[in-house]
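2 protein chains.
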Amino acid sequence: MSMIITIGREFGSGGRELGKRIAEQLGIAYYDKEIVMEISKKTDLAYDYVHQIVEQKPIVYYPITIGTSFSAVGTNVNKNSTSIYVEQSNVIKEMAQKSDCVIVGRCADYILKDMNPFRIFVYSDMPSKIKRCREKGEVDQNLNDRKLARMIKGIDRNRSRYYEFYTSLKWGDPLNYDLMINTSNKTIKEVVNEIVKIVK
Amino acid sequence: MSMIITIGREFGSGGRELGKRIAEQLGIAYYDKEIVMEISKKTDLAYDYVHQIVEQKPIVYYPITIGTSFSAVGTNVNKNSTSIYVEQSNVIKEMAQKSDCVIVGRCADYILKDMNPFRIFVYSDMPSKIKRCREKGEVDQNLNDRKLARMIKGIDRNRSRYYEFYTSLKWGDPLNYDLMINTSNKTIKEVVNEIVKIVK
Numbered sequence: 001m002s003m004i005i006t007i008g009r010e011f012g013s014g015g016r017e018l019g020k021r022i023a024e025q026l027g028i029a030y031y032d033k034e035i036v037m038e039i040s041k042k043t044d045l046a047y048d049y050v051h052q053i054v055e056q057k058p059i060v061y062y063p064i065t066i067g068t069s070f071s072a073v074g075t076n077v078n079k080n081s082t083s084i085y086v087e088q089s090n091v092i093k094e095m096a097q098k099s100d101c102v103i104v105g106r107c108a109d110y111i112l113k114d115m116n117p118f119r120i121f122v123y124s125d126m127p128s129k130i131k132r133c134r135e136k137g138e139v140d141q142n143l144n145d146r147k148l149a150r151m152i153k154g155i156d157r158n159r160s161r162y163y164e165f166y167t168s169l170k171w172g173d174p175l176n177y178d179l180m181i182n183t184s185n186k187t188i189k190e191v192v193n194e195i196v197k198i199v200k
Numbered sequence: 001m002s003m004i005i006t007i008g009r010e011f012g013s014g015g016r017e018l019g020k021r022i023a024e025q026l027g028i029a030y031y032d033k034e035i036v037m038e039i040s041k042k043t044d045l046a047y048d049y050v051h052q053i054v055e056q057k058p059i060v061y062y063p064i065t066i067g068t069s070f071s072a073v074g075t076n077v078n079k080n081s082t083s084i085y086v087e088q089s090n091v092i093k094e095m096a097q098k099s100d101c102v103i104v105g106r107c108a109d110y111i112l113k114d115m116n117p118f119r120i121f122v123y124s125d126m127p128s129k130i131k132r133c134r135e136k137g138e139v140d141q142n143l144n145d146r147k148l149a150r151m152i153k154g155i156d157r158n159r160s161r162y163y164e165f166y167t168s169l170k171w172g173d174p175l176n177y178d179l180m181i182n183t184s185n186k187t188i189k190e191v192v193n194e195i196v197k198i199v200k
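Chains as they are written, first to last, in this note's numbering: chain A, 1 to 200; chain B, 1 to 200.
Do not rely on the hints blindly, as some may be mistaken.
A pair counts as met if it fits within one copy or between any two copies, since identical chains are not told apart.
[As the list claims (entries may be wrong)] Pairs of lysine to aspartate or glutamate residues, derived as EDC-like cross-links and limited to a Cα-Cα distance of at most 16 Å, are as follows: (1) 186 <-> 94; (2) 197 <-> 24; (3) 200 <-> 190; (4) 153 <-> 125; (5) 197 <-> 135.
FYI, nobody ran anything at the bench for these hints, they're computed from the structure. Computed from a predicted structure; not experimentally measured.
With these hints in hand, go ahead and build the complete structure from the sequences.
As structure tokens, this is what we get:
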């Protein structure tokens, strides 16, 4: 039986690192943004544009002043993001059929449900997310904690909307996952070691 | 460093079995009802009475016809259940200090928070809980699924109230646990194997 592990994750929870470590330990394939790259090649859309739609919202609402009418723009972008989602689903299925793998994000748990994936969700409290973001150096150091927290919440709100839009399920609801891992106040290495310890 | 594993669990989720298996695999002590027994010995109350209070509600409301007045009875039982909780906390702390252990239920995650326990919560969807309850043969076979579901929900509501009453935390809230394990459609053996597989 094939081993497919999907990882949903809150922003700043270390889900990507956990996914990579698991894939490394098991010696299986790992996917996240590569999937988006693949999609962008197939649909011939610019990578940045695809990335923006996939990462941010199922429906991107541009300011009304840009388009001819709000609803027209909405419909147009909606069509694009839905076709990207379909393309993305096909790519994910293709990859999962090709070999055992870990897939981070992209509703992979839902898309691959017929293949019975092991579904992990990684989460964390806000202080730990802030700390992790700062340590990774991907955040403007002038941003204070309050603003950074707002940014993190915003990204998670978008992930949640994206997930719920395409799956009709609640993002982060324990019943949608096999395992929920709390990474608060811990390094990902520690988390893996802890779980190893209890199931050794 | 000592290893303390606490397990919160929904009724019918297999949390006790998981706790026992973990304790066995790690070769450490396992506690659940034994603690209540210990308490009952110490406080000199009948086991059944203690068990009823600890298992069901922080405040047991007897029908108004039994006592002199509703509030008087409530206060009285409240006092008893609080003193039992304090006693229970002491016993749990004593045991955790004595040796590495797995403790199921009893707000142990909260009581032992200064000892930095690894906090697990075990949950499951309703059909799996019903199936598990029937398989264990602890349920009246004449009880239909709807009634059994109501009974299960009632027990969990009591556990939730008990936990929230003494910890001021939300029972089952992912942020209160290090690991949340979904046992829906699975045997506990399978669950352990799955986790072993991903962290091997």
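Results of checking the hints against the structure:
{"no.": "1", "hint": "186 <-> 94", "result": "neither (34 Å within a copy, 27 Å between copies)"}
{"no.": "2", "hint": "197 <-> 24", "result": "between (18 Å within a copy, 13 Å between copies)"}
{"no.": "3", "hint": "200 <-> 190", "result": "both (15 Å within a copy, 14 Å between copies)"}
{"no.": "4", "hint": "153 <-> 125", "result": "within (11 Å within a copy, 28 Å between copies)"}
{"no.": "5", "hint": "197 <-> 135", "result": "neither (27 Å within a copy, 30 Å between copies)"}
Hints 1, 5 from the list above are not met by this structure, while the remaining hints are.
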